[in-house]
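**Student:** Listed here are the chains, written in short residue letters.
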Amino acid sequence: MEQAVHAIDVNLVTCESIYVSLAALREGLGQAYRDRAAVVHLSPADMKRLQIRDGDRVELTAASGSVVVAAEADGDLEEGAGRMPLSLYSNRLAEYRPSRWPLPALRLIQSTVSPTGKGVTPVEDLLVRRTVA
Amino acid sequence: MRSRSLVCTGCGCLCDDIQVQTNDSRPILIENACAKGAAHIQASFNPERRPHCTIGGRQCGPGEAVAEARRLLGNSRNPLIFGLDSSTLSAQSLAIALARKLGGSIDSAASFSYGPLLAAMLGGDLPACSLAEVKDRADLLLYWGADPPNTHPRHLSLHSYYAYSEYNPAGWYPRVTLVCVEVRRTELSSMSKPAIRIKPGEDRAVIEAITGEAQSQVGAAQGLAELIRKSHFCVLFCGLGLMHSLGGDPGPLVRMARLFAGSTRMAVIPMISEVNMMGFCRLLHQTAGQVSSVGFKDGTAAGREHSFLEQVRRRSADCVLIVGSDPFAALPQSVMENLGDAKIVCLSPLATASTMAADVVIPTALPGVECGGSVLRMDGVEVALAELEKGAYPTEEAVLSRLLEIL
Amino acid sequence: MPRKDLQPLQIYRLLPRTNCKLCGCPTCYAFAFNLISRSRRVEDCPELLKDEFGESFRALKKMLGEGERIAGSDHVLDRSRCTGCGDCVAVCIRALTTITKNGRLAQRAAVPPPLKVMDGRLQVVEWSSCKRAVPGLDICNLCAEKCPFSALDLVKPEEPDQEDS
Ligand code: SF4
Ligand code: SF4
Ligand code: SF4
Ligand code: SF4
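Chains as they are written, first to last, in this note's numbering: chain A, 1 to 133; chain B, 1 to 407; chain C, 1 to 165.
Honestly, the hints are just simulated from the structure, not real lab data.
Worth double-checking, as some hints may not be accurate.
Said to hold, decoys possible - Derived DSS-like pairs: lysine-lysine, alpha-carbon spacing no greater than 25 Å straight-line:
no., chain 1, residue 1, chain 2, residue 2
1, C, K101, A, K48
2, C, K101, C, K156
3, C, K21, B, K135
4, C, K61, C, K50
5, A, K48, B, K199
6, C, K50, C, K62
7, B, K199, B, K135
8, C, K21, C, K50
9, A, K48, A, K118
Start from the sequences and build out the full structure, keeping to the hints where you can.
**Tutor:** In structure tokens, the structure reads:
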């Protein structure tokens, strides 16, 4: 048996998903939204290296934050590539650094992926809370 | 029971063939709208999807909330108005007047999406065409960085590929080539022939290989150039994937359009998701000469420093009025956290991440369901919205003109 | 894209094959036909719900998908996948009146469209217009073939009922 790798780097591409939009429109930022949005698709090879299976939790960590989501294999992806629906989850990872790129990097995110025992990040934790006077 | 025709405001397609049957002022059957459109219409009748009128989390009446909004905006040294890309043209004009009166700045999501592209189109550097022309005349539909099945569900069936007026005699094949350029497999790529797959971030290199600006050859470029050259009328549907990959810069597209100008008619339609981003950009362009990020502090100025993103990043805005937009969901949390203790007033028809973060929330009527008005579709065509049922909420126009009056 | 044509034998092999009739079918083989036409669901066989058949249960679910038969038609729709995009409706309208007759293209009299999107999902509103409903016309499956979300499937018309045999 191959030794499990603890963490790998992936280039995440994000994209709109109609099912995420529908969940938000129908029920707001609730359970259905979380189920549809808190997913990352990885290549079967990377899933194997991390020794994880469909539905296992992974922690994604990028320059501006981290989230825990469910992993799923997608045979269309190459090693080192990932795909994620555009949502509050992916936005937590995205950064805006105009010195590097003129737009917020919402659609292409460098992130590390590591298996975790933690539960999926609740949507509430992804909302910007402000001290309301 | 009564039946009404409606224009759906669920996305930028603005489908105008929607039929809604209502009973006791509630919709009981929605015909022709896609799932997104139906959910959008139903959301306005679902009290749980509407925000409460609040000040600092405490429920109050709209009069009180408007007065508080007035106070916050009046006390602000750097007021900023943001959003409006889902508002009617008249609400947009009022917001521009308000920004002028406040001596503040005004911006929309266009500044970090289609703004520069729309500026190039308004400036005549990129040719446009209407969706009606697409159906009759185009022979190459090129979707680049766009996946309408996920963003504009009926774009293909109502406005482009499947809506083609001419079909071949054997049945259903439209006389048109559907091509997509994407970084991954999508619902659209599975129906495109060919579906051109590029690497993430490679878009600029592909275009520059086509225009001959780049030395290196990119595999996809040659086939694509060939397809465009052979076509008579190519419509390029620009998606957010392309805009982000180009860093918002339409330059490469302008050069590509110029290159083919001699042989092929090439037109651009931005795949705008918001119902009236086009209208707001045009209005601002008429008023201030720029499509977004305009400041009225000393006269009229435009530029990056007036953009929402920059002002939030630099923490220079101390009061933000958000109108019908949800920047707290659309932008990285790491940016929005910079708003710190700036005051936020949010006018919104639906409960969103932004209404949850705002100091003052004023629920408004949903355009296209609870009030009418005019908007400009993604192809620049003006569309008149119908009203289904007048709800309990004031329109954005009403709130904005009240603010204008009392400030 | 529709699912690959499912073969009764292939389904039958995954069933308990005891012919216990608890599903309401006289034999497991008859139940296999009913599964393919989506007139019964995998859950209707109580045996399959037992742990020992867990693997078969999952395999069957995967093969058959979540689609449910739209009553009175050959259409099987996965309601959670359908986005109401209307692509199926649009291709159907174009294909509806073109038929092949004696190996040549021919026209069929105009009929009202069989499909319509209502409340954001596909509905069959005029089954009698569908080419599949008219004996002797081409077996059409365009609508299912063009669904971008693989939400739509078409099943063969009901097998002759074997329940009384
Ligand atoms: S495609 Fe857009 S405008 Fe048309 S019905 Fe769907 S959500 Fe509404
Ligand atoms: S209930 Fe299951 S085992 Fe019994 S006859 Fe039906 S399919 Fe066969
Ligand atoms: S069945 Fe498929 S093609 Fe038809 S409306 Fe639903 S998602 Fe669209
Ligand atoms: S099977 Fe053919 S005729 Fe029948 S609904 Fe589908 S596309 Fe239309």
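**Student:** Each hint should be assessed against the structure and marked as holding or not.
**Tutor:** Here is what the structure says about each hint:
Distance hint between K101 of chain C and K48 of chain A is unfulfilled; the C-alpha atoms sit about 54 Å from each other, more than 25 Å. About 21 Å separates the Cα atoms of K101 of chain C and K156 of chain C, which keeps this hinted pair within 25 Å; it holds. As the CA atoms of K21 of chain C and K135 of chain B are separated by approximately 56 Å, the hinted pair breaks the 25 Å bound. Taken as a hint, the K61 of chain C and K50 of chain C pair is honoured in the structure, with Cα atoms around 15 Å apart against an allowance of 25 Å.
Restraint check for K48 of chain A and K199 of chain B: satisfied, since their Cα atoms lie roughly 23 Å apart, inside the 25 Å limit. For a cut-off of 25 Å, the pair hint linking K50 of chain C to K62 of chain C stands: about 17 Å separates their Cα positions. Between K199 of chain B and K135 of chain B the alpha-carbon distance is near 31 Å, which puts this suggested pair outside the 25 Å criterion. For the given pair, K21 of chain C sits about 16 Å from K50 of chain C by alpha-carbon distance, which is consistent with the 25 Å threshold.
Between the alpha carbons of K48 of chain A and K118 of chain A the distance comes to roughly 20 Å, so the proposed pair stays at or under 25 Å and holds.
The structure does not agree with the numbered hints 1, 3, 7 stated previously, though it agrees with the rest.
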